[in-house]
Amino acid sequence: MRKLACLFGLGMLFLLAQTAAAQDTPKVDAFLGYSYVRANPATSGAPNFNLHGGSASLAYNVSNSLGLVADFGGYHVNKIGGFPVDSAVYTYLFGPRLSYRRSESKITPYAQILFGGTHLGRGALQAGSDNTFAMTVGGGLDANPTRHIGLRLGQVEYLMTRFKEAAPNRQTQNNLRFSTGIVFRW
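Take the sequence shown: its letter number 2 is residue 204 in the working numbering, and every next letter is one higher.
Each hint should be verified, as a subset may be incorrect.
[As the list claims (entries may be wrong)] Quick list of the computed label-pair ranges, beta carbon to beta carbon:
(1) P347 x F317: 19 to 25 Å
(2) N242 x I384: 27 to 33 Å
(3) Y302 x D332: 22 to 28 Å
(4) S331 x N250: 40 to 46 Å
(5) N376 x L353: 27 to 33 Å
(6) P298 x R372: 17 to 23 Å
(7) K281 x D226: 44 to 50 Å
Treat the hints as calculated values from the structure; they're not laboratory data.
Beta carbons are placed, not taken as given, at the ideal position from N, Cα and C, and that holds for glycine.
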């Protein structure tokens, strides 16, 4: 317990030191871009498939290194394993982001963990829709050519969803999500 308290105290000192140096840190980062999801169904023998779409996120930077993120994405698939489908997946995720910002650097690496939900909307051939838990763990790199506009060079995340599948007791999908686009800061 003592070790945990010491680690917590050191972490807080690190965040406070980063806050003191945060005068050049923008308060808000807004991202808009393209997203790709490589879906991996839990059902044995079901093929992996690709979804393409877009995502947007808003991060409020509490300090130089800590931000609070709201992330929204929409993805579409029209064929799985050669069979035509018309489905859309939407994600809505929230959580903390840790960034490593240095005033002299034009690159900002970050890591984040987000929790929330996902919605599966099925087209005319399938019946109904589904809402379930989702989470991501990952990170990325932002290039900062100017103070107010940046480029998200890449954001790579493990995306876990919990849709019920045809096979009994199979409901965890281990997916990969990649995003890239423009970051606006103010």
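Right, here's what the structure says about each hint:
| no. | hint | in the structure |
| --- | --- | --- |
| 1 | P347 x F317: 19 to 25 Å | 32 Å, violated |
| 2 | N242 x I384: 27 to 33 Å | 29 Å, holds |
| 3 | Y302 x D332: 22 to 28 Å | 37 Å, violated |
| 4 | S331 x N250: 40 to 46 Å | 22 Å, violated |
| 5 | N376 x L353: 27 to 33 Å | 28 Å, holds |
| 6 | P298 x R372: 17 to 23 Å | 30 Å, violated |
| 7 | K281 x D226: 44 to 50 Å | 47 Å, holds |
Hints 1, 3, 4 and 6 from the earlier list are contradicted by this structure; the remaining hints agree with it.
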